[in-house]
Structures are given as structure tokens and as C-alpha cells.
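The chain contents come next:
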Amino acid sequence: MSALITITESLFNRPSLYEQLAFASNGDSILLIQDAVLGLQSPIALASFLAKCDVQGIGVFALQEDCDLRGIDNQYNTISLVDYAGFVALVVGNEKQIAW
Amino acid sequence: MSALITITESLFNRPSLYEQLAFASNGDSILLIQDAVLGLQSPIALASFLAKCDVQGIGVFALQEDCDLRGIDNQYNTISLVDYAGFVALVVGNEKQIAW
Amino acid sequence: MVGKKKLLYVFEDGPYSGSAGIEALDAVLIGASFEQEISLLFLNDGVFQLNAGQSANSQPTGLKQYTNAFKALSDFDVHQIFVHDLSLIARGLSQKELLIDTRLLDSPKVAQLIAQQDKVFTF
Amino acid sequence: MVGKKKLLYVFEDGPYSGSAGIEALDAVLIGASFEQEISLLFLNDGVFQLNAGQSANSQPTGLKQYTNAFKALSDFDVHQIFVHDLSLIARGLSQKELLIDTRLLDSPKVAQLIAQQDKVFTF
Amino acid sequence: MDINLIVNGAAYSRQSAYTALKFAEQACDQGHSISQVFFYRDGVSQGNFLAMTLADEFNAVEAWVAFARDHDVKLVVCVSAAERRGIINQQQQAEFGKPSANLHPAFAVEGLGAMHDASLSANRTVTFR
Amino acid sequence: MDINLIVNGAAYSRQSAYTALKFAEQACDQGHSISQVFFYRDGVSQGNFLAMTLADEFNAVEAWVAFARDHDVKLVVCVSAAERRGIINQQQQAEFGKPSANLHPAFAVEGLGAMHDASLSANRTVTFR
Numbered sequence: 001m002s003a004l005i006t007i008t009e010s011l012f013n014r015p016s017l018y019e020q021l022a023f024a025s026n027g028d029s030i031l032l033i034q035d036a037v038l039g040l041q042s043p044i045a046l047a048s049f050l051a052k053c054d055v056q057g058i059g060v061f062a063l064q065e066d067c068d069l070r071g072i073d074n075q076y077n078t079i080s081l082v083d084y085a086g087f088v089a090l091v092v093g094n095e096k097q098i099a100w
Numbered sequence: 101m102s103a104l105i106t107i108t109e110s111l112f113n114r115p116s117l118y119e120q121l122a123f124a125s126n127g128d129s130i131l132l133i134q135d136a137v138l139g140l141q142s143p144i145a146l147a148s149f150l151a152k153c154d155v156q157g158i159g160v161f162a163l164q165e166d167c168d169l170r171g172i173d174n175q176y177n178t179i180s181l182v183d184y185a186g187f188v189a190l191v192v193g194n195e196k197q198i199a200w
Numbered sequence: 201m202v203g204k205k206k207l208l209y210v211f212e213d214g215p216y217s218g219s220a221g222i223e224a225l226d227a228v229l230i231g232a233s234f235e236q237e238i239s240l241l242f243l244n245d246g247v248f249q250l251n252a253g254q255s256a257n258s259q260p261t262g263l264k265q266y267t268n269a270f271k272a273l274s275d276f277d278v279h280q281i282f283v284h285d286l287s288l289i290a291r292g293l294s295q296k297e298l299l300i301d302t303r304l305l306d307s308p309k310v311a312q313l314i315a316q317q318d319k320v321f322t323f
Numbered sequence: 324m325v326g327k328k329k330l331l332y333v334f335e336d337g338p339y340s341g342s343a344g345i346e347a348l349d350a351v352l353i354g355a356s357f358e359q360e361i362s363l364l365f366l367n368d369g370v371f372q373l374n375a376g377q378s379a380n381s382q383p384t385g386l387k388q389y390t391n392a393f394k395a396l397s398d399f400d401v402h403q404i405f406v407h408d409l410s411l412i413a414r415g416l417s418q419k420e421l422l423i424d425t426r427l428l429d430s431p432k433v434a435q436l437i438a439q440q441d442k443v444f445t446f
Numbered sequence: 447m448d449i450n451l452i453v454n455g456a457a458y459s460r461q462s463a464y465t466a467l468k469f470a471e472q473a474c475d476q477g478h479s480i481s482q483v484f485f486y487r488d489g490v491s492q493g494n495f496l497a498m499t500l501a502d503e504f505n506a507v508e509a510w511v512a513f514a515r516d517h518d519v520k521l522v523v524c525v526s527a528a529e530r531r532g533i534i535n536q537q538q539q540a541e542f543g544k545p546s547a548n549l550h551p552a553f554a555v556e557g558l559g560a561m562h563d564a565s566l567s568a569n570r571t572v573t574f575r
Numbered sequence: 576m577d578i579n580l581i582v583n584g585a586a587y588s589r590q591s592a593y594t595a596l597k598f599a600e601q602a603c604d605q606g607h608s609i610s611q612v613f614f615y616r617d618g619v620s621q622g623n624f625l626a627m628t629l630a631d632e633f634n635a636v637e638a639w640v641a642f643a644r645d646h647d648v649k650l651v652v653c654v655s656a657a658e659r660r661g662i663i664n665q666q667q668q669a670e671f672g673k674p675s676a677n678l679h680p681a682f683a684v685e686g687l688g689a690m691h692d693a694s695l696s697a698n699r700t701v702t703f704r
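Protein chains in written order, with the numbering used here: chain A, 1 to 100; chain B, 101 to 200; chain C, 201 to 323; chain D, 324 to 446; chain E, 447 to 575; chain F, 576 to 704.
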């Protein structure tokens, strides 16, 4: 059963959360919200995380409003920005959600 | 003016706190409390942090009661365990405290 | 039994500094009464929840040493207790130092466990 | 003035996810009225507090966009605004993208700044 | 779809109240139903009607009450989490002989069983930490 | 020495209330004086007298009140932090027309000026997050 994994904390504060990708499965999706969107500003910070997601077949999304609030300029074309409607669609489209 | 630096969070959760050693000065002291004592259980986890503290002339302490509560067995002879009286002495013996 | 759901409760933080552990345990004990298929997963600092060496609470005004309650899980017919092996090893702990019987899982096995669940509770 | 104390307020977290930034700023604005020698230090995710691109709050029920208030610091005669250079660079920001004039400090200079303080407030 | 929420983050100090509410509103706008919002851990503070935010600040308790009224959603604070944090209703006030109460009447007080009931019956459970 | 404390962590959810209290008791036992304990951010929850912990759990509000009485220590919650989090005393209840109050009377309600006053006059300031 595919999962939507939401990550709330900053990569810079809690890098171990991003290593928990090892606990995700092919077909899962990851949505970055709140402080987790801060990494999108740096073209380096999320690069290896995203490469691993790509290999594992895991889609990565980020919440547009949380980027806008913080003035974050998404540096990654492999991260799709979604609004709250997209957040709802991700919840509906996966059998369960896990809040890391 | 020498500082007592208290660290509260786990090394495993927030490694960046331990890199903030770069902001400490010769003669400062570091006291690990609460989740910060968890690192003492592993003979590897704190090794490079302690080596840097040694080079920088920074003493490292940990709160005995917080170790006991968690069943932590201190693996480092360069970390002195102190009780709350020792915590008070560290506050008194340094001109200021900084809660990282 | 048909219709039983798989529920996983995840422990990610050490005890005492925060209340995540005790409040996750409260949830497990209630969840156990629902006769579903319950599992617990300890990863990251969560493995310290099960560290056996925790000191009993000596003073009446002290912090409550609640983790012995994990030993009662088997009375509630909760037997699926999983520990992420790398989390344990990285923290200088070993399986035989833990309060209760556990099963060690490597990362792919953790991923598999999670994939099988109907609901995953984090706190 | 003899007897002025050096007070440093440290911003370590990004805005909005938590209230550390707005509550640190409240403390700074009160501290400014004490006629001491006040400095602000932004490090780690704290550098995002000063990111200029933050969207104005469009909906009335939205989160308050408080960080423009940093621009008022100079009206309170607070001019010592320091930013840790590596924190900024690691997060893909540059000094000219910040809301207000700041001085960049490398790690040894941050250590020096901290060493000179009478009190360091973290939140 | 029937979706239930679990909200663990404190009002004011954390964004999770806000994120959860925006999610819930959007879910309803899309025709889903929110069967229950269960407030656990520090999340129980979101039912405290004594909270007074500034006029331009997000007020969690008011926002939840309005949302629940508009969309007929059940709001529940966990009894044990709330009592430990000093969030109680008038019935608990009387029961424990406390001088006051602070839980908004739009919030029910129930045990962790309510969280499980909702999670077992809903199509989706979404946790906001 | 004269030491003042700043406590930012929430009651029950965080250990900081406990650590701060143990430190304060030990400082007094050693002959130091605690001029003030200032509760800021989520720390203001430590003044909420509605909090009910189990008999074997640490109860922050009771512990602070006993400590302040025994050692003549001033306990202060930050007014703005406390109002935003719904921790108010009877005077604020009357002023804002709220139906109840929940701040223990052993705690004063003051602004961030009180934090600075204490920090500027004390020999040491210790923050517990």
C-alpha cells in the first residue's frame, strides 16, 4: 500500500529525517511542508536526497504556500510544488499518510 | 568572558548543535543535559566532537541524573559527570551561560 | 480474522526529555483493546525507550520512570516489537540490553513493515 | 557609557514553523529600550528570518508575516545585525537578498562576538 | 472520502494547527468529509478559549470552532493529554473541584479510543505534528 | 550569587521545567539566591493551575509554587506569551471579559522588561529551553 510521507522539519536541523528515505517504498510520495521546504532554496542541499528518491521511484512534492511564506525559490525541477488542493489529492491518492 | 554552554538536544537528532563548537572559545565549558547525554552511550558518536573540544581547550561535562534516568553508561573518560550541585558550580564559575 | 487492520506505532525520540514516548505508549495500550494487528517500531533515539538500565525514580518529586510499562505489553497481547538495527548499533546499544524481547529489522525490512500497514501513528 | 552591558539575541530557527523568531524579535524590541549595547545574531535556519522574498499575507486568516518588523530595528537604534556566513551560504541565500543591512561573520568572528557578550539570549 | 485528522502540535508555537486547518478546509471544499479532528499531545492547547492572539495573528481555537460549525466536524481533545496540560471543560471542573474551565464547548473530551475509532473507520488518517 | 532563570519549555511535554527546578533548588541549597524565574514562550504553561498530573508524575505548577514559597522567589510569566497561549489571571479575566482564569496566583504577569531587569541586575542568567 503506497504511502504519502510528510516531512515537516528542516533538513538542516534534522538530517536524519531525510535518511529515513530508506524506510520508503517504490511508489510512495514525499511532501515537504513547513520548515522542510527551506532546503529547496539551496541547489545543493537536497541534491543527493532527490537523486535517491529518483532511484527508489519516489515522487517529491513541496507545499507552495509554505515556500511563498518563506520566500523560498525552488531550485529543483524534480520537486513539484502543490497547493493545499494538491496536498489533499496526495492524501487521497495514497492508501496512508505517515508524518515523519 | 568564559561561557558555560548547555546542550539539551540529542546529537543524533541535531548534529548541527555539536558543530556550533566553532562558536565556542578556549576556556568555555560544555554541559550536556537531557537528550544530549544519549551520545555518551556510544563509544564512537561523540569521539570527534570530544577531540575538537580537547584541541580548543573546552571542558565537557554531562549531568549524572540525566544519564542515570536513561540508563546511559558513559563511554568517555574525557567527559566528567556532574550532579546538580556541579551544574550550579559551572554556572557560577563561568561569566555567562548559553543554552544552545 | 477478516477485517483486522494493521496498526503501527512508531517511537522516534528518547524518554524523559519529551513526552512523545509516554504518550505513544498510552496510545498503544488503548489500541491493543481494539483487537487489531498491532506493531511497535523503535527507531532513531526511540531505541532508548527500551534501554534496560534506566534508574528507578528515587525521589517522590522526580520524573516518572514509565518505561517499565513496556514489559506489560505482552499482557495486552502485543508481541510485535520491532527495532531498527542501525539505530540501535549507532547508539551503542545491543538487543540483549533491552527491556523486552524485540525483533531487529534492517532498513529494507523496516520499509517492508511500513508498507504492509493500514495506519502508521507517529507522535 | 560606563556600565552598558552587551546583550546578544540569537535567531536559530526559520520563520512560521515555530514562534521562536517572533518571540525573539519581541524580546529585542523591549531590550532596545534598556539602552544597553544590543546585537542580533542569525545562524543556522535563523538566516531565513531575514529572507526578503517572503510573501505578504494575502488572506485575513493567514499566518502573520511579521518579519518586515526587522526593518524597524534601526528606528530603535539597533544596528548590530550579524549573520553567520556559512549558515547563509549553505542555505542558498546571499547577503543582498536579506531584508536589512547585515554584517557577515565567519565562525571565529562569531565565537569572538559571543565571547564579548555579557548575556546571550536564545529562544 | 472520509478523512480523520490527528493534530499534535501546540497552538501559536507551531504551524501545525494552521496547516491542519488549511488542509481540512480544502478537503471539505473538494467534497471529502472530515469525520473527526483529534487533538493529542500539545495539540490539546488548540481548544483553550482563553488564548488571545493579536487581531492580525492566526487564532487556532476560533478557526477550529468556525470550521467545525461550517462543516459539521467533530472536534475532540484527548482527555489524558488535556488534563495533564490544564485544558478542561466545565464538567471536569465540577468533577475535580477546579475553580475554572478553559476548553471551548465546541470540543468534546474523549479518550484515545476515539482516535482509534475514527482511524479504523475513516478512509484516511492524516497526522499533523 | 544572584541568579535569574528563563524557562521556555512547556510543562509536561518537555523536561526543561524539571531541570530548571532541580537547578534552582540546588542553587538555593548552596546559598545562592534566585532573584526571578521568568517563564517565556511555551514555558508560561507552567503557571496553569488547571494542570492535573497523575500522583506519580512531576507537577510543574505545584513544584514551582512550593519552591517560590520556600525560597521567596519571584515567579513571572510573560504577559504577551501567556495571553497568546491562554494563560491569564483574574485581573486579565476581568479586563478582557473572559469567563475564567487559570494562572496560579503565585505567578506575576509582567512584560519582557522584567526579564531584562532581572538579567541586567543578576550575576548570572540561566536559560532552560
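Just to be clear, a hint being listed does not mean it is correct.
To be verified - Not the full set, but computed from the structure, chain E residues with beta-carbon under 8 Å of chain F:
| id | residue |
| --- | --- |
| 1 | Tyr458 |
| 2 | Arg487 |
| 3 | Ala497 |
| 4 | Thr499 |
Claimed, not checked - Using 25 Å as the maximum straight-line C-alpha spacing, the simulated SDA-like pairs for lysine to any residue come out as follows:
| id | chain 1 | residue 1 | chain 2 | residue 2 |
| --- | --- | --- | --- | --- |
| 5 | E | Lys520 | C | Lys309 |
| 6 | D | Lys387 | E | Lys544 |
| 7 | D | Lys327 | F | Ser696 |
| 8 | E | Lys544 | E | Val525 |
| 9 | C | Lys309 | A | Met1 |
| 10 | D | Lys327 | D | Gln418 |
Just so you know, these hints were derived from the structure itself, not from any lab.
For each residue, glycine too, the CB sits at the ideal point set by N, CA and C.
_Under 8 Å is the threshold here; is the Cβ of tyrosine 458 of chain E close enough to any Cβ of chain F for the hint to stand?_
Hint on tyrosine 458 of chain E: holds, closest Cβ of chain F at ~5 Å, below 8 Å.
*Regarding the hint that threonine 499 of chain E lies at the interface with chain F, is the smallest CB-CB distance below 8 Å?*
holds (6 Å)
*asked:* What's the verdict on lysine 309 of chain C and methionine 1 of chain A, does the C-alpha distance respect the 25 Å limit or exceed it?
replied: holds (15 Å)
*For the pair supplied as a hint, lysine 387 of chain D and lysine 544 of chain E, confirm whether the alpha-carbon distance does not exceed 25 Å.*
Status violated; Cα separation ~35 Å.
*Sort out whether lysine 309 of chain C lies within 25 Å of lysine 520 of chain E, counting only the CA atoms.*
violated (37 Å)
*CA of lysine 544 of chain E to CA of valine 525 of chain E, is that 25 Å or under?*
Holds, at roughly 16 Å.
*Within 25 Å, alpha carbon to alpha carbon, are lysine 327 of chain D and glutamine 418 of chain D?*
Not satisfied, since the Cα-Cα distance of roughly 30 Å exceeds 25 Å.
_Quick check on the hint: alanine 497 of chain E CB to chain F CB, less than 8 Å?_
holds (4 Å)
_Cut-off 8 Å, beta-carbon criterion: hint that arginine 487 of chain E touches chain F_ = holds (7 Å)
*Could you grab the alpha-carbon distance between lysine 327 of chain D and serine 696 of chain F and see if it respects the 25 Å cut-off?*
Within the cut-off at roughly 12 Å; holds.
This entry does not satisfy hints 5, 6, 10, going by the numbered hints stated previously.
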